[in-house]
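These protein sequences, in sequence, are chains C and H. Going by the UniProt record's numbering, the first residue of the first sequence is number 1, and it counts up by one from there. Going by the UniProt record's numbering, the first residue of the second sequence is number 1, and it counts up by one from there.
By construction, these hints were calculated from the structure, which means they are not laboratory data. Here the structure is a predicted model, which means the values were calculated and not measured. Where a beta carbon is used, it is the ideal one built from N, C-alpha and C, also for glycine. Just so you know, not all the hints are guaranteed correct.
[To be verified] Interface residues of chain C toward chain H, partial, derived using beta-carbon atoms under 7 Å:
id, residue
1, I26
2, G28
3, A464
4, I467
5, H509
6, V513
[To be verified] Just a sample of chain C residues kept apart from chain H, beta carbon distances all over 10 Å, derived:
id, residue
7, R68
8, D296
9, A507
[Unchecked claim] Distance condition first, Cα-Cα at most 27 Å in a straight line; then the derived DSS-like pairs of lysine-lysine:
id, chain 1, residue 1, chain 2, residue 2
10, H, K155, H, K23
11, C, K23, C, K289
12, C, K579, H, K261
13, H, K579, C, K261
14, C, K23, C, K563
15, C, K439, C, K412
16, C, K289, C, K261
17, H, K559, C, K261
18, H, K23, H, K563
19, H, K289, C, K579
20, H, K559, H, K439
21, H, K439, H, K412
22, C, K579, H, K100
23, C, K100, H, K579
24, C, K100, C, K261
25, C, K412, C, K559
26, H, K23, C, K559
27, H, K412, C, K289
28, C, K563, H, K261
29, H, K563, C, K261
30, C, K579, C, K563
31, H, K579, H, K563
32, H, K289, H, K261
33, H, K559, H, K579
34, H, K412, H, K579
35, C, K559, C, K579
Number of protein chains: 2
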Amino acid sequence: MNAPDSFPQLLARAREPFPSSSKAYIPGSRADLRVPVRDIRLTNGETVSVYDTSGPYTDPAVTIDVRRGLPSVRGAWIAERGDTESYAGRAPEAIDDGRKDETAGQLAALREQAAGLQRQPRRARSGANVTQMHYARRGIVTPEMEYVALRENGKREWMRAYLSDAARERRLAGHPLGASLPPVITPEFVRDEVARGRAIIPANINHPEVEPMAIGRNFLVKINANIGNSAVTSSIEQEVEKLVWATRWGADNVMDLSTGKNIHTTRDWIVRNSPVPIGTVPIYQALEKVGGIAEDLTWEVFRDTLVEQAEQGVDYFTIHAGVRLAFIHLTARRRTGIVSRGGSIMAKWCMAHHQESFLYTHFEDICDIMKRYDVAFSLGDGLRPGCTADANDEAQFAELRTLGDLTHIAWKHDVQTMIEGPGHVPMHLIEANMSEQLKTCHEAPFYTLGPLTIDCSPGYDHIASAIGAAMIGWMGTAMLCYVTPKEHLGLPDRDDVRQGIIAYKIAAHAADVAKGHPGARSRDDALSQARFEFRWLDQFNLSLDPETALAFHDETLPKDSAKVAHFCSMCGPKFCSMKITQEVREYAAAKGLADGEAIADGLAAKADEFKRGGGSLYVPAPEAGS
Amino acid sequence: MNAPDSFPQLLARAREPFPSSSKAYIPGSRADLRVPVRDIRLTNGETVSVYDTSGPYTDPAVTIDVRRGLPSVRGAWIAERGDTESYAGRAPEAIDDGRKDETAGQLAALREQAAGLQRQPRRARSGANVTQMHYARRGIVTPEMEYVALRENGKREWMRAYLSDAARERRLAGHPLGASLPPVITPEFVRDEVARGRAIIPANINHPEVEPMAIGRNFLVKINANIGNSAVTSSIEQEVEKLVWATRWGADNVMDLSTGKNIHTTRDWIVRNSPVPIGTVPIYQALEKVGGIAEDLTWEVFRDTLVEQAEQGVDYFTIHAGVRLAFIHLTARRRTGIVSRGGSIMAKWCMAHHQESFLYTHFEDICDIMKRYDVAFSLGDGLRPGCTADANDEAQFAELRTLGDLTHIAWKHDVQTMIEGPGHVPMHLIEANMSEQLKTCHEAPFYTLGPLTIDCSPGYDHIASAIGAAMIGWMGTAMLCYVTPKEHLGLPDRDDVRQGIIAYKIAAHAADVAKGHPGARSRDDALSQARFEFRWLDQFNLSLDPETALAFHDETLPKDSAKVAHFCSMCGPKFCSMKITQEVREYAAAKGLADGEAIADGLAAKADEFKRGGGSLYVPAPEAGS
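Could you build the full structure based on these sequences and the hints that come with them?
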């Protein structure tokens, strides 16, 4: 393991602002509420602001020391509410990092390096409930909700143009398919969505560094990136670097799925340095604590793990409480059985003990923990299909109905809840997934992994799944869990993470555009305009991955002069359709037809004139002729 | 330019059979009708056959000399029909290769290298019509139709399983959305589809090397790859190599969009070495012949170019005859105007002359040429939207209606016809494209470029467009024109071609699966089964890109022992869900529950028993509790 001192170098590339971009902040109703956006300066003097998930890393004004963690965003807000208390917290154990006592020496060194990341945990005062849902239901608009509202709106320069042009742009208004997207998101709207369970704001009181964001069908579609070391490969540095890298490219959430040694300490590094909500699957760590023997899991070990992770600041837990003993037999005839790690662990436990899952029987006990820290549920789909042949089968839908029932229980405790979904689903079965989820889970946000629309594309499953993700995102899924090119094959590296994220930014953005989210098209329109006007640099800088766009262009035309050329290497100078179109317009203008309308009128007149005079040149009208 | 002798080296990689794969042939009704498939041998002794576009290149038994071209497939069939004659053909001119006389010396050397690729052209005897549609409408089942039928069916071992299991697999039967997919494709079915214009078999009588294939909504969804040098970059060798490379990875058709010098000679190399139909956009070459000045184009130059290319064996021509003078003004307010190269050339011509397009006024003259060689129309969408903001506008649909009218005229001449479609279309507007096309173009095959569902992903437009392509393919599009990662940025190289093709194989396959094409799922199911049984090599070999799948896996677990390991680097040995699922099944089996059904019954009984005895452990039923 390298010394932590190497982090600054590792992170250097991820700290560079994007080209021609700078961090800006939208001011809120209080001085400590400033919502980040990325301003992209165009060569024509305009600025386009885009949603920014990269946190303070891309703000050169912020000093960052990954050994001490990010500055707090929400600390004052949490303190002001006066319903939490700091406390000693659970005593750390060697087993938290998958260690036996004999390796405690190594562990001490490891933890020493993370000393600057230790915080005194907070919890709800006795009897209090500190979830955003609890506040929302009591009519309280929290700073987190205001933050989300400002963030969803962005600067809205472009949005205003679209709203005023609504009539003219009707064909582009989108089909929301049941979503209800207001032109402007107000803090009160956010509160209402959270109160009715249709959106969540994952924000553990022990993760004050988080920049609040919402997951819900009436907000922008979000994406999640998975990171995490495994027993086979990868280190803490790699994981922290992947976290920062993932948020740079647009991950709205990150799940730490570490399964090897050092899980606890890795999590300290990740949570303290993360501007986005962090999710985990606590059963992974619990299993490490019992030596990897599923049968040896107990409610007590699991409960202790929940508290451990809640104290560290994890924002949502995947809990596979829908994998019930009675459903396991439904997977017996499946082509690929149970493909969820957590689901298979619980299935094994249920089988071995011939008992109902302790996640199910202790579900209300879990709620009691969640609401003391505001950890949100991500109710896991342990019986999701692992291949298209198993899609939408009885095992999957039996579990989904259970998740709907558990949602009601969670909501009884005002615990924020989202529902995980598949997986592998052919296109014709996607809609049923969404409609069943909306119906059985009462519009709790849906959070799907893809789905992959075919099974035979390992190495390219980010593409096979982006197809399904875009479709289900349009239909109402609130967050899309990315799939990288390494899915089914190995752990993703840095470049795989980027590939997966961009594929999912595309899917989420395609969904936003199709839903008609106000302003979603603004980035596309600005880029298309730049394309038409041969502002190559603007075209690159407005793209989801400016580095790659520039590099691809420069492979064939590297000179600076090509950045203002009125053609590219695809067609060469004679064949550029956009150049010819501009010539057509200039030609018409030179004939005294000054603007678009005049060109149109002039051309129409000429065409009519031509028709009247030269009709004999036409082929017989097809209606008459064939 | 390198000597042609370097081709064998360049092509060596593309000639290697895929791992564990061999070429097999399905015999037809005559000795010279043998339809290629690729047999993939699995480690469990099974074989999976897949559709094979790679031609003789992947058959080690065939000697290939790219300086002489591929062996003839259809020569005897064409000759037997007795309705064609060979003739001297048009005399080649220096301008065919974009040359003035002063460079005739260079040209002679260029053409000398292609001497082995020259053929005496054939044409229909006077008064004859040699199109597959003409034969079909007269009730003739050609060998080409039989070939297509056998090719679409494949070996059908897997299909039979699906057909017999139809009842059990109902949820997986697909939603054909108006397509009519018979379980077995007969030659007569092919004839009927071609006769009614719902499918085409692009097969110029001067391209006897082609392995016939069908494009139609009731067949497998096909993909097209574009290659072609431009004035800025690339050489003949690169283009021939890209052709072979593209068919290796699954291109069903290839369009040669060359625009620089040496167009004619490049085309000789490409057509003579292509096992798949070749399409072109003849206006590109016509423009070269008039020095790149759109206004100088004439019907005579264009007509001469059509004959030139028809004699060389081009199988379909993109003709932008729907770009009418009266429609140009409809593009004046567009964000990106006209983005089709051919469309913009014709718009400029119309504007400059204030005349109707000669492609429109001479459409029946064009039909007369097409039917003498059986060149199919690909009616170009010159007014397709170049950004999502321009999607489904009046310019686009006015042109589409004209293409429908022109389809009727083409069909009057029995000329095979498909219709090109966009382009850039947000998801919510895709369905209207398909339904308008089906309605206005009378089910003539639709052939779309993507569509891209967003505009802001240059560098990743293969993904943004694969989403739209999969959706519109499901809805009825017959062929998907690929988009590479270089789209909008530069000319694709070898790896870009592969990336684009695999993205489109995914889209086309996802569409086939969703439509419920019989047998389409077989490859996915075989791969999923291999995945579940940890047959790693089979998993790689069944994938669309075995090389990449293997390489990605080996990045973290390179040892041979990992190819039989019951885990991978993603989760490590403790967390492999599939391994745990198998353990669950083994555990149940050890308890005397021998097969899936018994496991299911046994588990259900245990669960019931548990419920009866331990009901108090349950949380209150949600229906009652909240």
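* Unsatisfied constraints (hint numbers, rising) -> 1, 2, 9, 11, 20, 25, 26, 27 and 34
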